[in-house]
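Protein chains: 2
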Amino acid sequence: MSLEQISCPIAFQQYPQILLAHGGGGRLTHQLISEMFAPAFGMGDRAQQDAVTISLTGQKLAFTTDSYVVKPLFFAGGDIGTLAVNGSVNDLAMVGAKPLYLSAGFILEEGLPMETLWRVVQSMRQAAEIAGVQIVTGDTKVVDRGKGDGIFINTSGIGAIATDLEIAPHSIREGDVILLNGDIGRHGIAIMAAREGLEFETEIQSDCMALADLVMALLEGGVEIHAMRDLTRGGLATSLNELASTANINITIEESAIAVQEDVRAVCEILGLDPLYVANEGRFVAFVPESEVEKAIAIVRSFPEAGGQMRVIGRVGDRGQAIVSMRGQIGVSRILSMLSGEQLPRIC
Amino acid sequence: MSLEQISCPIAFQQYPQILLAHGGGGRLTHQLISEMFAPAFGMGDRAQQDAVTISLTGQKLAFTTDSYVVKPLFFAGGDIGTLAVNGSVNDLAMVGAKPLYLSAGFILEEGLPMETLWRVVQSMRQAAEIAGVQIVTGDTKVVDRGKGDGIFINTSGIGAIATDLEIAPHSIREGDVILLNGDIGRHGIAIMAAREGLEFETEIQSDCMALADLVMALLEGGVEIHAMRDLTRGGLATSLNELASTANINITIEESAIAVQEDVRAVCEILGLDPLYVANEGRFVAFVPESEVEKAIAIVRSFPEAGGQMRVIGRVGDRGQAIVSMRGQIGVSRILSMLSGEQLPRIC
Chain A
2 MSLEQISCPI
12 AFQQYPQILL
22 AHGGGGRLTH
32 QLISEMFAPA
42 FGMGDRAQQD
52 AVTISLTGQK
62 LAFTTDSYVV
72 KPLFFAGGDI
82 GTLAVNGSVN
92 DLAMVGAKPL
102 YLSAGFILEE
112 GLPMETLWRV
122 VQSMRQAAEI
132 AGVQIVTGDT
142 KVVDRGKGDG
152 IFINTSGIGA
162 IATDLEIAPH
172 SIREGDVILL
182 NGDIGRHGIA
192 IMAAREGLEF
202 ETEIQSDCMA
212 LADLVMALLE
222 GGVEIHAMRD
232 LTRGGLATSL
242 NELASTANIN
252 ITIEESAIAV
262 QEDVRAVCEI
272 LGLDPLYVAN
282 EGRFVAFVPE
292 SEVEKAIAIV
302 RSFPEAGGQM
312 RVIGRVGDRG
322 QAIVSMRGQI
332 GVSRILSMLS
342 GEQLPRIC
Chain Z
2 MSLEQISCPI
12 AFQQYPQILL
22 AHGGGGRLTH
32 QLISEMFAPA
42 FGMGDRAQQD
52 AVTISLTGQK
62 LAFTTDSYVV
72 KPLFFAGGDI
82 GTLAVNGSVN
92 DLAMVGAKPL
102 YLSAGFILEE
112 GLPMETLWRV
122 VQSMRQAAEI
132 AGVQIVTGDT
142 KVVDRGKGDG
152 IFINTSGIGA
162 IATDLEIAPH
172 SIREGDVILL
182 NGDIGRHGIA
192 IMAAREGLEF
202 ETEIQSDCMA
212 LADLVMALLE
222 GGVEIHAMRD
232 LTRGGLATSL
242 NELASTANIN
252 ITIEESAIAV
262 QEDVRAVCEI
272 LGLDPLYVAN
282 EGRFVAFVPE
292 SEVEKAIAIV
302 RSFPEAGGQM
312 RVIGRVGDRG
322 QAIVSMRGQI
332 GVSRILSMLS
342 GEQLPRIC
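Sequence order for the protein chains is A and Z. The first sequence begins at 2 in our numbering and counts up one residue at a time. The second sequence begins at 2 in our numbering and counts up one residue at a time.
Don't read these hints as lab results, they were simulated from the structure. Check each hint, because a few of them may be wrong.
[Claimed, not checked] Here are the simulated lysine-lysine pairs, DSBU-like style, with alpha carbons at most 35 Å apart:
1. Lys72(A) / Lys72(Z)
2. Lys99(Z) / Lys61(A)
3. Lys148(Z) / Lys148(A)
4. Lys99(Z) / Lys99(A)
[As the list claims (entries may be wrong)] Beyond 12 Å from chain Z on every Cβ pair, some chain A residues (computed):
5. Asp165
6. Asp184
7. Phe201
8. Met217
9. Thr247
10. Ala260
11. Val261
12. Arg266
13. Cys269
14. Ile271
15. Leu272
16. Pro290
17. Ile331
18. Arg335
[As the list claims (entries may be wrong)] To give an idea of the interface, some chain Z residues facing chain A are shown, with a C-beta separation under 10 Å as derived from the structure:
19. Gln50
20. Ile55
21. Trp119
22. Gly147
Glycine is no exception: its CB is placed at the ideal position from the N, C-alpha and C atoms.
Please model the complete structure; the sequences and the hints are all you need to start from.
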C-alpha cells in the first residue's frame, strides 16, 4: 500500500450515506467490507472471515472482533452481555480455535442506570465462565445523552488454533456434506418479540450459546472439518452464500432437513420474515467429507442443547457459479440469494 | 468465581446512573473499574493497565482494547482514525510490546456521509502503515439515526513482548527517575478548539502519534525501563496518580521541567483548564534508574517529533503513601490529586 490517498470507490457514489442495511450482514455490508475496508487495510479474503488466523513465533492464533448494539438490551434467552461473550467465542471456534482471552470495550450512554450495567456485566461474567474464556482487558467510554443507546459492547478475542486442519472456505471440497446443529430463527424472533412487545402463547427463547466446547470435541474426535460458519446476521441463507462465493462452489440444501420451531415459523409468517434469513446465535454449519458424518453426529449428541439436532442439510456441488439453491418439500428448487436489505436491524 | 449473582457494590448506590465522568479517566472511571469490572471479570491489578500480558505456549503477548468516541471526528493534527490506531499501538508499547495486529470495530450512525467514513478509513490505513501494524480483522454495525454519533471505533491490539524486563507499576523502585517525552496538553486543547470553533493565531495541533518505534529503540538500546504510561485521559497528573497508587510509591515532579507550549498555556488559562490534567496522545512517562537517564535521552534524540524534548521531570520517593506532589517554580510544593470530575468529555 502506498501512503497516497485513494479516491472513494465508485460504488459508494450510489450510497452517499450509511444505511441501516450497511450493518445488516447482507449485500451492503459485504460491499462496504470488500470495497472499502479490505482494500484499505490489505485484508484480502480474510476480510470476510469470522476470525483471522495469525502466526506468532510458531504458535497459530485466531483473532476476532465484534461490536454488539442489540436492541433491546435484554430478551428471552439472553442479553447484550451473553451475546457479546458468546458471539466472539463462536467466531473463534468457527476457525478451529479454542477461545482463551476476551477484551471488553463499553460505550455507555450518560444516564444509563447503573443497575442495568451491573446486570449486563454479571451476564458477561457467567457467559465467560461457561465458555471457559477469560475477560482480561477492557475500556469504558461514556457519550452524552442522546448520542448512544444505553450500552454498546465490543469484544475482541484471542484463541489458540487447536487443529492442523485449515478450516476455511477454500478448504471446502466438491461432494462435502453440510451439517447444521439445530433449528433456526429463534434469536432473531426473540429480539423482535422483545422489541415490539409481542406476546405469544409460548415464549420464544434466543438460541444464544457458546459453541466452543462442541467444536473442540469434534476436533478432538478427529472429525475432518473443512469449513464452519455461524449463522448470525443474515441467517443460514446469507452464510451459505458467503461460503459459496468465497470458495467458488455451488451448494444445494434440502428444505425438509431444516428445522424451524412451529412458533418461530408462525411468527415469521405473520411478520413476513423468512427464517432462512433470520439471525441465530448458537447455530453453525460444518462442511465435512461424507465419511465423517456419522462420527460428527455421534460426538455432538453429548451436547444436547448445542448440537442435539445436528443433521445433514445439504451438499456441495460443482465449482464455478457460487449458487446456493434449496430443494423444496415437493421437489421444486429455488435459488437462495444473499440478504439484500436489512431484514432485522440491530439484532446483535 | 461462582455463578451466583453478586449484588451491585454499595458504592454505586451513590451513582444510580452513568455520568460523563465515568468515562473521563478520573476517579469515577477508576471506581467503575475497581468495583465493577475488575471483581466481575477477576482482573485484579491488570484492570488498571493499558494492556495486559498473556502467555501462550511460551510466547509472551500483550493484548489491549480501546473504544474511540472523540468529538468532533476531525481536529488539527489528526482524526478519530489516527487516534484509534495510535491509541492502541501506544497501549501495547507501554508494556514493552511490539504492536503487530489490530482489529477495527465500527459502530456507524445511519446517515453518516460515506465520504466521512472513507476519510477516516484512509487515516487508519496511513497510521497503521506508519506504526508498522496490520489491521487484520474488523466488524461493522449500524445504529439508527440519533442512537449514535457519526462514528465510534474500537481497536484491539496484539503485540509481542520485546523484552525480558517486566514493565509494570510494581517494578518501579525508590529513587527511579521519571522521564517525559515532550510538551503536554496539545491533544486536549486541539479537540476543544475544534469542538468549540475556537480560533487562535497559531493552530494548536494534537500531539497524536505512535510511540512504538521509540519505545522499541529504548528497549533495543538496553535501557532498563521499570514502568511506562501514556498520558491520555486525565493527563500527566492522573497517570502519575494511577502509577503511584498501583505501585504504592510517592512521586515528586518539578514544575519547571514540564514543557507546555505558550499558546496551549494561554488557552488553558482562558478556559480554566490545568494542562497537567489535559489529555495527550503522543506523550508518555518512563520510570528508569538514574544510571539509565543519559542513554535514554540520547536514544530518543533520533525521534525528533516523538521524543526530541525528552527530559527528567521528577523522581520516585518513598513507598507508602502514594502521594504525587509538584514543586513549583518558586519552591513551594502542592499535591496533585487524580482528576475528580470530567474535565473534557469525549477527548478520545
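Cross-check of the supplied hints:
no., hint, verdict
1, Lys72(A) / Lys72(Z), "holds, 24 Å"
2, Lys99(Z) / Lys61(A), "holds, 18 Å"
3, Lys148(Z) / Lys148(A), "holds, 6 Å"
4, Lys99(Z) / Lys99(A), "holds, 24 Å"
5, Asp165, "holds, 15 Å"
6, Asp184, "holds, 26 Å"
7, Phe201, "holds, 25 Å"
8, Met217, "holds, 16 Å"
9, Thr247, "holds, 15 Å"
10, Ala260, "holds, 29 Å"
11, Val261, "holds, 26 Å"
12, Arg266, "holds, 28 Å"
13, Cys269, "holds, 23 Å"
14, Ile271, "holds, 23 Å"
15, Leu272, "holds, 19 Å"
16, Pro290, "holds, 28 Å"
17, Ile331, "holds, 39 Å"
18, Arg335, "holds, 29 Å"
19, Gln50, "holds, 7 Å"
20, Ile55, "holds, 6 Å"
21, Trp119, "holds, 4 Å"
22, Gly147, "holds, 7 Å"
In the structure shown, no violation is registered for any of the earlier numbered hints.
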